[in-house]
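The lines below spell out each chain.
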Amino acid sequence: MKSISSELHAGKILISDGAWGTFLHDKGLKPGECPESWNLTRPDDVLDVARSYILAGADMIETNSFGGSRFKLKHYGLAEKTAEINEAAAKISRQAAGPDRHVLGSVGPTGIILMMGEVSAQELYDAFKEQAVALEQGGADAIIVETMSDLEEAVLAVKAARENTGCEVICTMTFEKTINGEYKTMMGISPAEIPEKLIDAGADIIGSNCGNGTKGMIEIAKELRQANPHIPILIHGNAGIPKYLKGQTVFNETPEETASYVSQLIEAGVNIIGGCCGTTPEHIRQIAEKIHDLSR
Amino acid sequence: MSETLEKIAHCIEFGKINKESPYPPDMKGQDGADEFTKEALEQGYSANDILQKGLIPGMEKVGLKFRENKIFVPQVLMSAKAMSTAMVHLKPYFQSGEVKRKGKFVIGTVAGDLHDIGKNLVSMMVEGAGWEVIDLGVDVSVDRFMKAVEDNPECVIGLSAMLTTTMVNMGTVVNTIKNKYPDRKVIIGGAPLNDDFCSEIGADFYSPDPQGAIEYMNALF
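If you read the protein sequences in the order shown, they are chains A and B.
Quick note: the first sequence uses the working numbering, first residue 1, plus one each step.
Quick note: the second sequence uses the working numbering, first residue 297, plus one each step.
Mixed in with the good hints there might be a few duds.
What the hints assert, rightly or not - Cut-off 16 Å, straight-line C-alpha distance, at most; resulting in silico cross-link-like pairs (EDC-like, lysine to aspartate or glutamate):
| no. | chain 1 | residue 1 | chain 2 | residue 2 |
| --- | --- | --- | --- | --- |
| 1 | A | Lys222 | A | Glu193 |
| 2 | A | Lys74 | B | Glu496 |
| 3 | A | Lys177 | B | Asp505 |
| 4 | A | Lys74 | B | Asp412 |
| 5 | A | Lys246 | B | Asp492 |
| 6 | A | Lys177 | B | Glu364 |
| 7 | A | Lys12 | A | Asp293 |
| 8 | A | Lys243 | B | Glu496 |
| 9 | A | Lys215 | A | Asp200 |
| 10 | A | Lys246 | B | Asp491 |
| 11 | B | Lys315 | B | Glu335 |
| 12 | A | Lys30 | B | Asp435 |
| 13 | A | Lys12 | A | Glu289 |
| 14 | A | Lys184 | B | Glu364 |
| 15 | B | Lys361 | B | Asp492 |
| 16 | B | Lys334 | B | Asp345 |
| 17 | B | Lys366 | A | Asp293 |
| 18 | A | Lys243 | B | Asp492 |
| 19 | B | Lys357 | B | Glu511 |
| 20 | B | Lys366 | A | Glu182 |
| 21 | A | Lys246 | B | Asp505 |
| 22 | A | Lys243 | B | Asp345 |
What the hints assert, rightly or not - To give an idea of the chain A side of the interface with chain B (calculated C-beta under 7 Å), a few residues:
| no. | residue |
| --- | --- |
| 23 | Gly32 |
| 24 | Leu114 |
| 25 | Met187 |
| 26 | Pro242 |
| 27 | Tyr244 |
| 28 | Thr249 |
Source of the hints: derived by calculation from the structure; they are not laboratory data.
Note that the coordinates shown come from a computational prediction; the quantities given were computed from them, not determined experimentally.
Just so you know, even glycine gets a beta-carbon here, dropped at the ideal spot from N, CA and C.
Given the sequences, and given the hints that come with them, work out the whole structure.
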């Protein structure tokens, strides 16, 4: 299989997958239940999520391992199953992806703030290493460190994946618009600040995920691209801002609306487009259709 | 106002914990909240004055700047650390009853949700505004909220949720509390929430930032 970077180098725009968490909740995952435990207890449902994105036209799919670090699994008494859960996650996605499509092993934040001094940088690095190694073992060919807001934690996770696996490494951070109109992470990091540090740490691809909808991602992508003219950029936007309607949470960015931003994202310098919370296989199908139309 | 109390407020605002702390860089080597609080007590200031004229004004500036996106989570955490360092010196005066707090605030992240960063920020800032805070932690069941409400008459209750899937559990907590204690005030916060959700579940107040919660609570008493 060609690497993602080499496919991008040939000038292709690639399609990534959509939401996992909200999808699993639709399948009956209860609030408070550990999503990653389904890799062991309900692998067929997880496989169904992965397959639906492949069928929608995704060139790559993530794994159900966002909260799969030892520090997150500890809350559910599953810390000792960290390797098993992550390996299973990658196996399931590889089964759906087949040999020709990419499996991105998902690594989310640990929820620990390093500067509070409760956990050392070495302990965080070791936890990310454990997760990344197990994901590669299960069949991931890339690691995606995502939803990061602390640049220091992101750098540790990227390094852990780079130094301990042969996987390509992707890192995306989550920005929100401040009242001054700038984009910043919760920890105050701007898009312009991230390329240099993440690339130094070993990232092959950078970008942004989650946030307040696909439209805001255009500005974020421009800022990333301005800071670095070459690094491939991946965007996984939310399907808008969640709204609460009669006992249910609704994401109101339609597949049509998401797809309508595709050409602007590409113009801004984006190389891979998929979705985050609230996006569905239909969102991905329409993104794929748009990309195919544009490349014709 | 006294110089020492102003210095305490300044240290809280900029997150200067003590002399050893390298943060913020432009205050390196200077005394921090720790030293100035000790000094103020030695100079004869009452613990109440230190709280009212030092810690609270310092934390209020932090709350306002955070709301205006002039500072972010790391700066708030350093300020909160500076505050808790100062509080250690004042603790005996709280315990003896010499210093009265504004009231009690019970806070927790609702059932099914393990996120604690937002909840901790609110908890620390409400404490810095002069309230006694009872932090129940994360994944707090309705029963545990009810027990805390029963144990702490006249408390204000704060509910936190980060996920769209767990925010719905706030409704159950609000209902259970209001059924038994209709006068008890319940405030809510968290990334996916808004005013519409607040009125739909019958909570009293939603704030997108800690300072809004503090202003609402201070106006109650």
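Structure-based check of each hint:
no.	hint	verdict
1	Lys222(A) with Glu193(A)	holds (13 Å)
2	Lys74(A) with Glu496(B)	violated (34 Å)
3	Lys177(A) with Asp505(B)	holds (15 Å)
4	Lys74(A) with Asp412(B)	holds (15 Å)
5	Lys246(A) with Asp492(B)	holds (11 Å)
6	Lys177(A) with Glu364(B)	holds (12 Å)
7	Lys12(A) with Asp293(A)	holds (13 Å)
8	Lys243(A) with Glu496(B)	holds (12 Å)
9	Lys215(A) with Asp200(A)	violated (29 Å)
10	Lys246(A) with Asp491(B)	holds (14 Å)
11	Lys315(B) with Glu335(B)	holds (13 Å)
12	Lys30(A) with Asp435(B)	holds (13 Å)
13	Lys12(A) with Glu289(A)	holds (14 Å)
14	Lys184(A) with Glu364(B)	holds (13 Å)
15	Lys361(B) with Asp492(B)	violated (26 Å)
16	Lys334(B) with Asp345(B)	holds (13 Å)
17	Lys366(B) with Asp293(A)	violated (43 Å)
18	Lys243(A) with Asp492(B)	holds (9 Å)
19	Lys357(B) with Glu511(B)	holds (13 Å)
20	Lys366(B) with Glu182(A)	holds (11 Å)
21	Lys246(A) with Asp505(B)	violated (25 Å)
22	Lys243(A) with Asp345(B)	violated (45 Å)
23	Gly32	holds (3 Å)
24	Leu114	violated (10 Å)
25	Met187	holds (5 Å)
26	Pro242	holds (5 Å)
27	Tyr244	holds (4 Å)
28	Thr249	holds (4 Å)
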